[in-house]
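Student: Please model the entire structure based on the sequences and the hints provided.
Numbering-wise (the numbering used here), the sequence shown opens with residue 24 and increments by one.
These are calculated hints, taken from the structure and not from any lab test.
Incorrect hints may appear among the rest.
[Claimed, not checked] Cβ-Cβ distance ranges computed for the label pairs, FRET-style:
no.: 1; residue 1: Phe31; residue 2: Arg86; range: 18 to 28 Å
no.: 2; residue 1: Cys55; residue 2: Ala78; range: 32 to 42 Å
no.: 3; residue 1: Ala24; residue 2: Ile65; range: 13 to 23 Å
no.: 4; residue 1: Phe31; residue 2: Tyr82; range: 23 to 33 Å
no.: 5; residue 1: Asn89; residue 2: Ala58; range: 19 to 29 Å
no.: 6; residue 1: Cys29; residue 2: Leu80; range: 17 to 27 Å
no.: 7; residue 1: Ile56; residue 2: Thr33; range: 20 to 30 Å
[What the hints assert, rightly or not] Here are the simulated lysine-lysine pairs, BS3-like style, with alpha carbons at most 30 Å apart:
no.: 8; residue 1: Lys68; residue 2: Lys87
no.: 9; residue 1: Lys94; residue 2: Lys35
no.: 10; residue 1: Lys87; residue 2: Lys35
Glycine included, C-beta positions come from ideal geometry on N, C-alpha and C.
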Amino acid sequence: ASGQLCIFYTIKEFGPIVFTVIMTTRQMFSICISAVVFGHAISAKAFFGAFVVFAVLFYQIRRKYNARLNKGPGGPSSQR
Numbered sequence: 024a025s026g027q028l029c030i031f032y033t034i035k036e037f038g039p040i041v042f043t044v045i046m047t048t049r050q051m052f053s054i055c056i057s058a059v060v061f062g063h064a065i066s067a068k069a070f071f072g073a074f075v076v077f078a079v080l081f082y083q084i085r086r087k088y089n090a091r092l093n094k095g096p097g098g099p100s101s102q103r
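Tutor: Structure, rendered in structure tokens:
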């Protein structure tokens with residue numbers, strides 16, 4: 024139950040894209056730790072796939088951040 028509250032709070036305060044980054048990062052660390060502990064290999068394709076996922080997510084975050092700056096009072100020039 025407390026996990027659901029944390030999920031709700033994160034999405035409410037920071038948005039669904041930030042939550043997706045948090046969960047994807049958690050899963051990536053879990054996979055890497057599991058590979059080290061159990062001696063499994065992670066292929067170059069897997070690393071490339073993770074890079075693509077994170078690149079797209081961070082691009083979306085940056086795009087939303089820039090859009091929010093441009094919507095501020097007075098337009099983009101008042102934010103600088």
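Student: Now, for every hint given, state plainly whether the structure supports it.
Tutor: Going through the hints against the structure:
1. In this structure the hint that Phe31 and Arg86 lie 18 to 28 Å apart at CB holds, the actual value being about 24 Å.
2. Remark: the range hint 32 to 42 Å for Cys55 to Ala78 is contradicted by a beta-carbon distance near 18 Å.
3. The hinted window of 13 to 23 Å between Ala24 and Ile65 is violated, with their beta carbons roughly 34 Å apart.
4. Restraint check, Phe31 to Tyr82: a C-beta distance of roughly 26 Å satisfies the suggested window 23 to 33 Å.
5. Between Asn89 and Ala58 the beta carbons are some 36 Å apart, a value that contradicts the proposed interval 19 to 29 Å.
6. Checked against the hint of 17 to 27 Å, the C-beta distance between Cys29 and Leu80 comes to roughly 19 Å, which is consistent with it.
7. At about 22 Å, the beta-carbon gap between Ile56 and Thr33 stays in the expected band of 20 to 30 Å.
8. With a C-alpha separation of about 29 Å, the suggested pairing of Lys68 with Lys87 holds against the 30 Å cut-off.
9. A hinted pair counts as satisfied when its Cα atoms are at most 30 Å apart, and Lys94 with Lys35 qualifies at roughly 20 Å.
10. Annotation: proposed proximity of Lys87 to Lys35 holds, straight-line Cα distance about 15 Å (limit 30 Å).
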